[in-house]
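Engineer: With these hints in hand, go ahead and build the complete structure from the sequences.
So the protein lines, in turn, are chains D, A and X. The opening residue of the first sequence carries number 4 in my numbering; numbering runs sequentially from there. The opening residue of the second sequence carries number 4 in my numbering; numbering runs sequentially from there. The opening residue of the third sequence carries number 4 in my numbering; numbering runs sequentially from there.
Each hint should be verified, as a subset may be incorrect.
[Claimed, not checked] Across the chosen pairs, the derived CB separations fall in these ranges: (1) 145/D <-> 141/X: 56 to 62 Å; (2) 31/X <-> 26/A: 27 to 33 Å; (3) 115/A <-> 143/D: 39 to 45 Å.
[As the list claims (entries may be wrong)] Stretch-level coverage of chain D by chain X, calculated; a stretch enters the list once three of its residues show a Cβ under 8 Å from a Cβ in chain X: (4) 6-16; (5) 30-36; (6) 55-67.
Just so you know, these hints were derived from the structure itself, not from any lab. In this text, a Cβ means the ideal position worked out from N, Cα and C, and glycines have one as well.
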Amino acid sequence: MMEELVGLGAVTLLGVLEQAYFSLQVIYARRKYSVSPPTTSGPPEFERIFRAQANCSEYFPIFITVLWTSGVFFSQGLSSVCGLLYLYGRFNYFRGYSESAQGRLAPLYFSAQILWVLIGFSSLGVFLTFCQVYLNVDLLQELCSALF
Amino acid sequence: MMEELVGLGAVTLLGVLEQAYFSLQVIYARRKYSVSPPTTSGPPEFERIFRAQANCSEYFPIFITVLWTSGVFFSQGLSSVCGLLYLYGRFNYFRGYSESAQGRLAPLYFSAQILWVLIGFSSLGVFLTFCQVYLNVDLLQELCSALF
Amino acid sequence: MMEELVGLGAVTLLGVLEQAYFSLQVIYARRKYSVSPPTTSGPPEFERIFRAQANCSEYFPIFITVLWTSGVFFSQGLSSVCGLLYLYGRFNYFRGYSESAQGRLAPLYFSAQILWVLIGFSSLGVFLTFCQVYLNVDLLQELCSALF
Numbered sequence: 004m005m006e007e008l009v010g011l012g013a014v015t016l017l018g019v020l021e022q023a024y025f026s027l028q029v030i031y032a033r034r035k036y037s038v039s040p041p042t043t044s045g046p047p048e049f050e051r052i053f054r055a056q057a058n059c060s061e062y063f064p065i066f067i068t069v070l071w072t073s074g075v076f077f078s079q080g081l082s083s084v085c086g087l088l089y090l091y092g093r094f095n096y097f098r099g100y101s102e103s104a105q106g107r108l109a110p111l112y113f114s115a116q117i118l119w120v121l122i123g124f125s126s127l128g129v130f131l132t133f134c135q136v137y138l139n140v141d142l143l144q145e146l147c148s149a150l151f
Numbered sequence: 004m005m006e007e008l009v010g011l012g013a014v015t016l017l018g019v020l021e022q023a024y025f026s027l028q029v030i031y032a033r034r035k036y037s038v039s040p041p042t043t044s045g046p047p048e049f050e051r052i053f054r055a056q057a058n059c060s061e062y063f064p065i066f067i068t069v070l071w072t073s074g075v076f077f078s079q080g081l082s083s084v085c086g087l088l089y090l091y092g093r094f095n096y097f098r099g100y101s102e103s104a105q106g107r108l109a110p111l112y113f114s115a116q117i118l119w120v121l122i123g124f125s126s127l128g129v130f131l132t133f134c135q136v137y138l139n140v141d142l143l144q145e146l147c148s149a150l151f
Numbered sequence: 004m005m006e007e008l009v010g011l012g013a014v015t016l017l018g019v020l021e022q023a024y025f026s027l028q029v030i031y032a033r034r035k036y037s038v039s040p041p042t043t044s045g046p047p048e049f050e051r052i053f054r055a056q057a058n059c060s061e062y063f064p065i066f067i068t069v070l071w072t073s074g075v076f077f078s079q080g081l082s083s084v085c086g087l088l089y090l091y092g093r094f095n096y097f098r099g100y101s102e103s104a105q106g107r108l109a110p111l112y113f114s115a116q117i118l119w120v121l122i123g124f125s126s127l128g129v130f131l132t133f134c135q136v137y138l139n140v141d142l143l144q145e146l147c148s149a150l151f
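Structural biologist: Listed below in structure tokens is the structure:
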């Protein structure tokens, strides 16, 4: 069973490390712009970094959830690749947002699209598993034998 | 094993789609009330929608965690039903909060109660599994044979 | 399989209960300092409690993610112990932050260190599983036979 999960585990771990990196950036920014907790407002440079990290944190659980739903019910390989692309997009988003509010847009759209792909894979996987479990029909196999 | 998880997978997916819907509402509200990121304050109409989404996002990981703990250790069926009720409550919460701060209260209490039910199921499930694994006692079965 | 997971399930449940406790503290603080939603700013006493809860919520998904990655791929026992230490650290963090911004620091560093230990275990576990699954080498066993 582990062989069906270890790729997802590796992407998950990378995702956690990325979040740790973002959190450290906020701590550095707090020092640089002298914004002590609990304050969360300050110069726009600080607020952009703070918001970038907050946004990534907010999406992290959604990402982990669809990564695993898609990986368990559909395909570990495809989900892991999408996972890596998502993390790459989020890295660019964070860097872009740190520089300007405009710079966050392109990578934000990119990572949102990847999330939608993972949601699509999850839906397909859950639907096919439902058919297998409750209707005893393996739609994917039926389709393959119908085509070839 | 998949047949014990696919219901949880379906509810999880629905939860992700609901969060996506809430996020889109915040984007629309940002446009409507001209509140550009990284700003998060604005007219009360905007702030209510923003806080509603933030609150749902904050509870999303808790919800997914208890849904699966309850589903894996206690009962997939009961947990999935509670999951659907929770998502329904959150939808009403978001709609209510968008209209008035008062309007969020009833569905907030409702979804909190459902969370407590899921926490109760999880506790029961973890406790019974502990007894099975470490004491080699199947309490649920003992109880049934004692009663009938 | 359940016996490899029930410890993680128990720590997870404790984590959820701790989050519920923090949320209740924010609700009490809102009443005490008369800060009605959607407002999130108020007297420093309120803001510290609000930020403490927000910070714990933000780290909760990261914690659950590394707890399970470490527990599934490395060791349930060690991960569960680290999980309990983390929750203990977070409890002290919340209490400390409620009293003063300074009071949050020591337990914050402690819980961050525990997170890094869990990240280390996860990395080791994912790496060893990769070797087992794709290279067919059980490094842990090789190491043991080389040593003894």
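Engineer: Identify every previously stated hint that the structure contradicts and give their numbers, smallest first.
Structural biologist: Hints 1, 5 are the ones this structure does not satisfy, whereas the remaining hints hold.
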